[in-house]
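Start from the sequences and build out the full structure, keeping to the hints where you can.
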Amino acid sequence: MKILTRYVLKHFFWVFGIALFGFGGIYVVVDFFEKLDDILEKKAAAMDAVLYFAYKVPAILAQGIPIAALLATLIGLGILQRNREIMALRAAGLRAWAYAGPMVLASLTLVVVTFMAGETLGRSLNRKAADLWQEKIEKKDVQLGFLQENVWYHSQDYFLQARTYDAATKVFQGVSIYELDEQFRLRRRLDAQRLIWAESSWRAEKGTVLAYKGGMAQHQAFEHMDMALALHPKDLAVAAALPEELRWDLLYGYTKKLGAEGYNTVPYRVELHMRVATAFATLILGLIGVSLGLHLGHRGGIALGIALGLGLTFAYLVLLQIGASFARSEILPVALGVWMPNGLFAAIGAALWVRAPQ
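The sequence shown begins at 652 in my numbering and counts up one residue at a time.
What the hints contain is simulated information worked out from the structure, not anything from laboratory work. This one's a predicted model, so the numbers in the text were calculated from it and none came from an experiment.
With a Cα cut of at most 30 Å, we get these calculated BS3-like pairs of lysine-lysine:
#1 787 to 821
#2 694 to 779
#3 779 to 907
#4 821 to 907
#5 779 to 885
#6 885 to 787
#7 907 to 885
#8 693 to 787
Quick look at the structure:
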């Protein structure tokens, strides 16, 4: 790595770290005072409250990376401008990419960090924070099993209906399975008191089978029957979770499965695209920050640049939410609705770069 690149990145990551932890600190303080009354009212243990906010920190920091990247580029270049170091570099014949390019590439690297932090630690610890709040602070039972009532499941050749499903024990109660033929006619119906996940397959207990062959119905009672169903308990666990609680890969698999079964997947596809689009906000805001930093001189450049950058960030986030709303409402295609703000602001950043002093 060149000396100049190391020097520029030193400024970038120094400001980035301060901005990121400043953002996280402000977020936690505001969240703390919003929840303080509930914590005191419920007489929650201090350690439980500390753990709750600690669990939320990774997700908060992941949300703050794009803004921190913007401030790092603006302030980092502003410091170089103020010290007249950029003037010296230009006098030496170096073009803007030599000293601003490393910041753009650092922002690109942070896209991956933003996405991975949100999908790994951020999402799993957010769930732990929600469970801890409900169990330790609200003093409510956390139903890890997600007891579901009146469950319906649709596969390509059968429907399953159950009175209840307990994900903790992997047991259906009051089950009816309707198997269909290619003409969508009822071929067989199974009713059972329970359907249990036994190691690697389902087993029905105490029920009856009604099979239709040649216009005749055949009735058979059973105590136990192994069932070859294309259904796994993890599929039901995914279905019980909210889309925002699932990792990207799990949500993608669930969305693909729902689409194959004919369900509307627009809300899930919007969520998938939004997670990637918001990660790329780090690169887009970093590019805008670099371009604004190159335009502004050393007199008042930092303060003005921060004001302009935060204004553009606010506009970007508003447009991102509007585009997502249009996509959910199917006014716009999902990809267009979600990615249009990214394309627009990437073009703005590129235009500012081209017109900046080189």
